[in-house]
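Protein chains in written order, with the numbering used here: chain E, 1 to 87; chain L, 101 to 187; chain U, 201 to 287; chain Z, 301 to 387; chain G, 401 to 487.
These are calculated hints, taken from the structure and not from any lab test. Some hints here could point you the wrong way.
To be verified - Examples of chain G residues lying across from chain U (beta carbon under 7 Å, computed):
(1) Ser412
(2) Thr413
(3) Gly421
(4) Lys423
(5) Glu426
(6) Ile441
(7) Val474
(8) Asp475
(9) Asn487
A virtual CB, placed ideally from N, CA and C, is assigned to each residue, including glycine.
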Amino acid sequence: MLKGKVVGNIVSTNKFDSLKGYKFLEIQLIENKTLTDEFIIAVDRSISAGIGEEVLVATGSAARVGLDDVNSPVDALVVGIIDKIQN
Amino acid sequence: MLKGKVVGNIVSTNKFDSLKGYKFLEIQLIENKTLTDEFIIAVDRSISAGIGEEVLVATGSAARVGLDDVNSPVDALVVGIIDKIQN
Amino acid sequence: MLKGKVVGNIVSTNKFDSLKGYKFLEIQLIENKTLTDEFIIAVDRSISAGIGEEVLVATGSAARVGLDDVNSPVDALVVGIIDKIQN
Amino acid sequence: MLKGKVVGNIVSTNKFDSLKGYKFLEIQLIENKTLTDEFIIAVDRSISAGIGEEVLVATGSAARVGLDDVNSPVDALVVGIIDKIQN
Amino acid sequence: MLKGKVVGNIVSTNKFDSLKGYKFLEIQLIENKTLTDEFIIAVDRSISAGIGEEVLVATGSAARVGLDDVNSPVDALVVGIIDKIQN
Chain E
1 MLKGKVVGNI VSTNKFDSLK GYKFLEIQLI ENKTLTDEFI IAVDRSISAG
51 IGEEVLVATG SAARVGLDDV NSPVDALVVG IIDKIQN
Chain L
101 MLKGKVVGNI VSTNKFDSLK GYKFLEIQLI ENKTLTDEFI IAVDRSISAG
151 IGEEVLVATG SAARVGLDDV NSPVDALVVG IIDKIQN
Chain U
201 MLKGKVVGNI VSTNKFDSLK GYKFLEIQLI ENKTLTDEFI IAVDRSISAG
251 IGEEVLVATG SAARVGLDDV NSPVDALVVG IIDKIQN
Chain Z
301 MLKGKVVGNI VSTNKFDSLK GYKFLEIQLI ENKTLTDEFI IAVDRSISAG
351 IGEEVLVATG SAARVGLDDV NSPVDALVVG IIDKIQN
Chain G
401 MLKGKVVGNI VSTNKFDSLK GYKFLEIQLI ENKTLTDEFI IAVDRSISAG
451 IGEEVLVATG SAARVGLDDV NSPVDALVVG IIDKIQN
């Protein structure tokens with residue numbers, strides 16, 4: 001999974017029917033506790049992550065498995081909010 | 101999903117039969133509101149994105165799921181047009 | 201598979217039900233015997249890797265195969281501890 | 301899909317039986333009309349791309365779908381020759 | 401597929417049962433005839449590649465297909481030895 005910070009909500013009117021109703025979040029990836037210049041767009045179905053929160057993102061076919069909707073063209077899914085990391 | 105700007109249409113006469121009729125777009129990826137030096141070629145079946153528009157691209161097996169054509173060798177699909185991002 | 205060092209435990213209360221009970225480790229990737237600035241979050245189900253240990257991580261759909269839980273949105277799994285590398 | 305230029309033919313005697321008879325091409329990726337330092341090895345089954353031609357390469361499970369041979373360990377496939385890109 | 405040079409054997413005692421008996425090789429990727437700073441760990445089941453040899457590596461679900469063992473968490477497999485590249 002990837003770790004990132006929610007930085008925006010994607011507004012998209014013209015999209016696949018099977019994606020209607022899904023919330024798309026823009027997520028800025030974090031490496032070594034630092035925000036990088038890499039971003040990913042992930043669906044958030046059930047976690048309700050807000051702007052500024054740090055999240056776990058599952059990518060690839062794992063995203064569709066988590067959505068329980070194997071017929072939607074989704075390749076990234078917010079699967080949890082990170083409370084903290086214990087070192 | 102990835103975020104990018106449509107920058108070209110690929111013309112390809114010699115290609116797989118199962119790809120005939122698909123429109124292939126060249127998409128320049130966007131990170132942090134800036135165009136990067138990374139590009140991807142994605143199929144656009146139903147979104148009809150034009151040059152200059154910002155789009156969402158699903159990659160990997162998600163592309164075939166979205167095409168509803170699991171027998172075509174496609175690994176990237178335009179799944180929506182981005183109207184704006186709310187921060 | 202990727203090679204990395206365990207550097208932290210992710211604490212996440214709000215996450216997918218199907219992920220409850222799984223241990224999520226933050227792993228810093230190693231290239232050429234040097235720690236890089238790239239990290240991945242992987243599930244550790246049965247290896248019990250501790251902070252500081254070097255591990256093998258399987259990514260993509262291989263992770264769900266290894267978990268024997270194809271319905272969880274997991275894309276990275278700790279599959280072994282590296283004792284040493286013989287050159 | 302990725303865009304690249306065919307730069308070589310791989311000669312490999314000792315390989316998986318299921319790969320015998322396949323042609324493996326070395327392809328140098330192109331970004332922004334410039335050859336990069338990234339390469340990929342892809343199977344060419346039906347396109348017959350020659351050295352110097354620009355091709356479309358499908359990656360991941362899409363490659364096996366295109367080969368119509370889901371039992372071969374192939375992760376990249378030449379799926380078309382690029383005639384030109386219209387901007 | 402990726403191209404790389406075998407640089408080491410991974411010794412791992414504590415690993416998934418389904419991985420026991422597999423040989424794990426550390427492979428340094430090659431781009432443009434030059435060794436890079438990127439490495440991958442791949443299983444070698446039948447090729448018997450030795451230290452210093454250049455190999456083809458299939459990644460992702462292709463690796464499990466090649467192993468003929470879809471239940472092992474493997475994401476990279478040595479599928480051939482490169483004799484030479486004809487330009």
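Evaluation of the provided hints:
no. : hint   : in the structure
1   : Ser412 : holds, 4 Å
2   : Thr413 : holds, 6 Å
3   : Gly421 : violated, 13 Å
4   : Lys423 : violated, 11 Å
5   : Glu426 : holds, 6 Å
6   : Ile441 : holds, 4 Å
7   : Val474 : holds, 6 Å
8   : Asp475 : holds, 4 Å
9   : Asn487 : violated, 28 Å
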